[in-house]
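**Student:** Chain by chain, the residues run as shown.
There are 2 protein chains.
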Amino acid sequence: MSATVSPLAPTSYADMPSIRGVRMATAAAGIKYKNRTDVLLMAFDRPAAVAGVFTKSKCPSAPVDHCRANLGHGLALGVVVNSGNANAFTGVKGKAATQLTARSAAEALGCGENEIYLASTGVIGEPLDATKFAGVLGDMAKGATGDFWLEAAKAIMTTDTYPKVATRSAEIGGVTVTINGIAKGAGMIAPDMATMLSFVVTDADIAAPALQALLSAGVEPSFNSITVDSDTSTSDTLMLFATGAAAADGQTKVEDANDPRLAGFRAALDDLLKDLALQVVRDGEGARKMVEITVTGAESDLAAKKIAMSIANSPLVKTAVAGEDANWGRIVMAVGKSGEMADRDRLAIWFGDIRVAVDGERDPAYSEAATTAVMQGQDIPVRVDIGLGAGKATVWTCDLTKEYVAINGDYRS
Amino acid sequence: MSATVSPLAPTSYADMPSIRGVRMATAAAGIKYKNRTDVLLMAFDRPAAVAGVFTKSKCPSAPVDHCRANLGHGLALGVVVNSGNANAFTGVKGKAATQLTARSAAEALGCGENEIYLASTGVIGEPLDATKFAGVLGDMAKGATGDFWLEAAKAIMTTDTYPKVATRSAEIGGVTVTINGIAKGAGMIAPDMATMLSFVVTDADIAAPALQALLSAGVEPSFNSITVDSDTSTSDTLMLFATGAAAADGQTKVEDANDPRLAGFRAALDDLLKDLALQVVRDGEGARKMVEITVTGAESDLAAKKIAMSIANSPLVKTAVAGEDANWGRIVMAVGKSGEMADRDRLAIWFGDIRVAVDGERDPAYSEAATTAVMQGQDIPVRVDIGLGAGKATVWTCDLTKEYVAINGDYRS
Numbered sequence: 001m002s003a004t005v006s007p008l009a010p011t012s013y014a015d016m017p018s019i020r021g022v023r024m025a026t027a028a029a030g031i032k033y034k035n036r037t038d039v040l041l042m043a044f045d046r047p048a049a050v051a052g053v054f055t056k057s058k059c060p061s062a063p064v065d066h067c068r069a070n071l072g073h074g075l076a077l078g079v080v081v082n083s084g085n086a087n088a089f090t091g092v093k094g095k096a097a098t099q100l101t102a103r104s105a106a107e108a109l110g111c112g113e114n115e116i117y118l119a120s121t122g123v124i125g126e127p128l129d130a131t132k133f134a135g136v137l138g139d140m141a142k143g144a145t146g147d148f149w150l151e152a153a154k155a156i157m158t159t160d161t162y163p164k165v166a167t168r169s170a171e172i173g174g175v176t177v178t179i180n181g182i183a184k185g186a187g188m189i190a191p192d193m194a195t196m197l198s199f200v201v202t203d204a205d206i207a208a209p210a211l212q213a214l215l216s217a218g219v220e221p222s223f224n225s226i227t228v229d230s231d232t233s234t235s236d237t238l239m240l241f242a243t244g245a246a247a248a249d250g251q252t253k254v255e256d257a258n259d260p261r262l263a264g265f266r267a268a269l270d271d272l273l274k275d276l277a278l279q280v281v282r283d284g285e286g287a288r289k290m291v292e293i294t295v296t297g298a299e300s301d302l303a304a305k306k307i308a309m310s311i312a313n314s315p316l317v318k319t320a321v322a323g324e325d326a327n328w329g330r331i332v333m334a335v336g337k338s339g340e341m342a343d344r345d346r347l348a349i350w351f352g353d354i355r356v357a358v359d360g361e362r363d364p365a366y367s368e369a370a371t372t373a374v375m376q377g378q379d380i381p382v383r384v385d386i387g388l389g390a391g392k393a394t395v396w397t398c399d400l401t402k403e404y405v406a407i408n409g410d411y412r413s
Numbered sequence: 001m002s003a004t005v006s007p008l009a010p011t012s013y014a015d016m017p018s019i020r021g022v023r024m025a026t027a028a029a030g031i032k033y034k035n036r037t038d039v040l041l042m043a044f045d046r047p048a049a050v051a052g053v054f055t056k057s058k059c060p061s062a063p064v065d066h067c068r069a070n071l072g073h074g075l076a077l078g079v080v081v082n083s084g085n086a087n088a089f090t091g092v093k094g095k096a097a098t099q100l101t102a103r104s105a106a107e108a109l110g111c112g113e114n115e116i117y118l119a120s121t122g123v124i125g126e127p128l129d130a131t132k133f134a135g136v137l138g139d140m141a142k143g144a145t146g147d148f149w150l151e152a153a154k155a156i157m158t159t160d161t162y163p164k165v166a167t168r169s170a171e172i173g174g175v176t177v178t179i180n181g182i183a184k185g186a187g188m189i190a191p192d193m194a195t196m197l198s199f200v201v202t203d204a205d206i207a208a209p210a211l212q213a214l215l216s217a218g219v220e221p222s223f224n225s226i227t228v229d230s231d232t233s234t235s236d237t238l239m240l241f242a243t244g245a246a247a248a249d250g251q252t253k254v255e256d257a258n259d260p261r262l263a264g265f266r267a268a269l270d271d272l273l274k275d276l277a278l279q280v281v282r283d284g285e286g287a288r289k290m291v292e293i294t295v296t297g298a299e300s301d302l303a304a305k306k307i308a309m310s311i312a313n314s315p316l317v318k319t320a321v322a323g324e325d326a327n328w329g330r331i332v333m334a335v336g337k338s339g340e341m342a343d344r345d346r347l348a349i350w351f352g353d354i355r356v357a358v359d360g361e362r363d364p365a366y367s368e369a370a371t372t373a374v375m376q377g378q379d380i381p382v383r384v385d386i387g388l389g390a391g392k393a394t395v396w397t398c399d400l401t402k403e404y405v406a407i408n409g410d411y412r413s
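Taken in sequence, the protein lines are chains A and B.
For what it's worth, the UniProt record's numbering labels the leading residue of the first sequence as 1, then goes sequentially.
For what it's worth, the UniProt record's numbering labels the leading residue of the second sequence as 1, then goes sequentially.
The set of hints was computed from the structure by calculation and includes no laboratory data.
Hints may contain errors.
Stated by the list, open to error - Each computed DSS-like pair below joins lysine-lysine, with the alpha-carbon atoms no more than 27 Å apart:
{"hint": "1", "chain 1": "B", "residue 1": "K32", "chain 2": "A", "residue 2": "K392"}
{"hint": "2", "chain 1": "B", "residue 1": "K58", "chain 2": "B", "residue 2": "K95"}
{"hint": "3", "chain 1": "B", "residue 1": "K253", "chain 2": "B", "residue 2": "K402"}
{"hint": "4", "chain 1": "A", "residue 1": "K142", "chain 2": "A", "residue 2": "K58"}
{"hint": "5", "chain 1": "B", "residue 1": "K392", "chain 2": "A", "residue 2": "K58"}
{"hint": "6", "chain 1": "A", "residue 1": "K392", "chain 2": "B", "residue 2": "K392"}
{"hint": "7", "chain 1": "B", "residue 1": "K142", "chain 2": "B", "residue 2": "K32"}
{"hint": "8", "chain 1": "A", "residue 1": "K93", "chain 2": "A", "residue 2": "K56"}
{"hint": "9", "chain 1": "A", "residue 1": "K306", "chain 2": "B", "residue 2": "K132"}
{"hint": "10", "chain 1": "B", "residue 1": "K56", "chain 2": "A", "residue 2": "K306"}
{"hint": "11", "chain 1": "A", "residue 1": "K306", "chain 2": "A", "residue 2": "K56"}
{"hint": "12", "chain 1": "A", "residue 1": "K402", "chain 2": "B", "residue 2": "K392"}
{"hint": "13", "chain 1": "B", "residue 1": "K56", "chain 2": "B", "residue 2": "K142"}
{"hint": "14", "chain 1": "A", "residue 1": "K58", "chain 2": "A", "residue 2": "K402"}
{"hint": "15", "chain 1": "A", "residue 1": "K132", "chain 2": "A", "residue 2": "K93"}
{"hint": "16", "chain 1": "A", "residue 1": "K56", "chain 2": "B", "residue 2": "K392"}
{"hint": "17", "chain 1": "B", "residue 1": "K58", "chain 2": "A", "residue 2": "K306"}
{"hint": "18", "chain 1": "A", "residue 1": "K32", "chain 2": "A", "residue 2": "K142"}
{"hint": "19", "chain 1": "A", "residue 1": "K58", "chain 2": "A", "residue 2": "K253"}
{"hint": "20", "chain 1": "A", "residue 1": "K253", "chain 2": "A", "residue 2": "K274"}
{"hint": "21", "chain 1": "A", "residue 1": "K58", "chain 2": "B", "residue 2": "K306"}
{"hint": "22", "chain 1": "B", "residue 1": "K132", "chain 2": "B", "residue 2": "K32"}
{"hint": "23", "chain 1": "A", "residue 1": "K93", "chain 2": "A", "residue 2": "K34"}
{"hint": "24", "chain 1": "B", "residue 1": "K93", "chain 2": "A", "residue 2": "K56"}
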């Protein structure tokens with residue numbers, strides 16, 4: 001947790017309603033931080049349907065291995081998340097730590113170890129002392145309460161500068177259901193690595209396969225469309241739980257992701273995921289500006305996404321934004337290096353509503369002063385039209401500042 | 001040109017011999033800089049065999065288009081290089097500028113426009129006023145001299161902090177030939193974009209197709225194995241010219257790149273290209289340390305290269321190096337995100353001679369103090385063994401410092 005809150009932080013936090021069927025508790029287990037909560041327990045009253053998407057890293061953390069191995073049966077009774085130690089690249093010790101944690105949580109909740117899901121964030125390569133959980137999980141299970149979302153979001157922060165929460169509601173077959181989510185991002189001062197964790201819970205009654213389909217589709221235009229620094233964590237975890245408590249209001253269970261009754265829920269979920277993802281970008285390490293990059297006219301949506309990410313990950317583009325420099329030449333460079341089809345002489349580029357380049361050269365009407373005014377804003381919209389097809393994509397990133405270098409160049413210990 | 005020379009600059013410049021068959025001149029045409037040379041003319045006494053490799057950008061500069069279009073006939077009489085303006089993304093004006101420059105140079109040298117090669121470096125998107133060359137190229141052709149390599153290297157600098165020169169000699173069939181090269185890299189204070197330009201000349205008598213084969217092979221483990229910030233210029237150009245003047249000493253022309261007489265030449269050329277490439281890295285924007293990353297045990301050489309580049313381009317790895325932090329967890333992260341096959345539990349990582357991680361966890365003998373001593377050096381060797389196959393690769397990069405952000409975040413104008 002940083003002393004200084006990101007200038008891009010929300011001015012207020014969402015008022016988070018309870019979700020029937022889930023309770024939470026936090027504790028200070030002393031994993032790494034002193035005098036702050038660092039463990040979160042989520043406990044489900046009855047088995048919740050579960051879906052998850054995880055890091056594509058070939059070197060995933062031990063908790064990611066655990067979640068992947070257990071996701072198949074689709075039911076969750078509990079979730080344990082800790083900050084301060086990622087339990088990644090910890091070998092056999094890491095696996096032993098996840099086993100001990102799952103066993104402790106299963107005993108506390110009276111369920112099977114394979115109904116417990118785990119996530120850890122913090123330093124890589126340090127063995128995680130899971131015995132620290134054993135002493136606290138029993139008490140946490142007893143004291144868990146439903147009205148605890150903001151506290152839960154705080155407990156999973158590492159050096160995020162603000163907790164990330166979001167809530168939405170939707171109707172399924174005339175019954176109102178709620179979706180709550182929390183996330184942590186990348187605002188590191190001392191630890192090793194950005195780790196994105198997010199947990200979303202709904203009281204809707206939706207079967208696990210349908211839930212997984214909704215989540216897999218929803219992650220693409222939200223969390224998979226943001227980048228702070230192009231570095232992919234070993235621990236990225238996004239999970240969605242459905243407690244099914246809305247069945248008490250007469251919501252009949254939805255088994256199929258294509259069920260038309262899910263239209264509103266899908267839209268609300270996608271909107272919540274985007275909300276959380278943008279909160280992560282706005283708390284990117286050292287961030288002072290957010291950049292929304294839209295690519296249109298590419299050969300395909302996939303090509304548009306690749307071009308947009310090439311722009312979003314370019315250090316030269318990101319430092320130009322930090323310097324409030326409408327440096328569209330670097331956008332051209334990033335389009336050119338993406339590897340996707342582009343025709344220099346058809347490119348057009350906008351900052352905000354101002355077209356700065358067209359037909360392969362600077363816009364004849366280009367005004368440095370007007371463009372600079374756009375760059376001086378906090379949110380910078382960039383649009384690139386490739387002029388070849390109908391493919392489009394939008395991604396979000398932040399600027400690259402000296403603070404990013406300071407945060408990540410400071411010595412680890 | 002920066003006022004402060006990179007701390008990684010060579011302590012002295014190579015003593016550059018003349019190459020028979022080529023003469024050079026520089027001039028101050030006032031493209032962008034005041035009171036410094038910004039145009040280089042290389043003039044060949046007789047048609048030189050020519051080979052070139054260029055940026056893979058889909059948005060290449062007009063001079064790159066010109067060179068690619070003319071490379072087919074394999075002969076060069078002259079080269080014009082300017083700094084201060086990249087003539088990239090300049091539309092029809094850009095093409096007109098290359099045509100005017102080629103025509104002016106062809107008139108000055110009495111040859112065809114398609115025997116003139118062009119390169120430009122500097123700001124993207126600004127029209128290049130090629131009439132500035134027309135007035136100076138005639139005088140430059142008359143005054144060109146053979147003993148001018150260091151001056152030539154200086155004329156093509158943008159904000160490089162030192163000129164980059166290298167020389168080697170080799171024997172072909174008992175005749176000694178010389179290879180000289182110059183390069184410019186990425187040490188930008190105010191302009192828009194890193195642009196890598198390099199020109200290599202030999203007096204050997206080698207046919208263009210053989211020359212191209214040598215160059216295409218030589219560029220892979222040298223210039224294609226360095227990265228400063230992962231951003232690919234629209235203007236990257238590496239050209240190799242053979243004047244054939246060694247024929248006067250009895251060297252018979254080599255037509256085939258596989259001719260065994262080229263063994264020594266090939267080794268000398270490869271060594272010179274690596275020398276120049278490392279000089280470019282050592283003058284990377286804001287660089288204070290050079291990192292040599294060797295990956296062994298990958299599934300293939302290509303996989304090893306991709307993993308090594310994933311490490312070399314990781315902002316988190318590069319900021320850790322800047323902070324003298326032996327943060328091997330970020331190496332694990334970068335291996336994991338590369339997309340190439342890796343087994344977390346077989347990975348081993350070394351900083352210098354110190355193994356910091358093995359069998360998927362921290363080395364039991366890990367010493368923070370000993371590893372920190374390695375990180376405090378100027379050149380940091382990193383080795384990663386993937387433990388899967390025989391693929392290997394070495395790449396070079398520099399650290400990511402606050403100066404990089406300052407250099408590239410400063411306003412363009």
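**Student:** When the hints from earlier in the document are held up against this structure, which numbers fail?
**Tutor:** 1, 3, 4, 6, 9, 12, 13, 14, 19, 24
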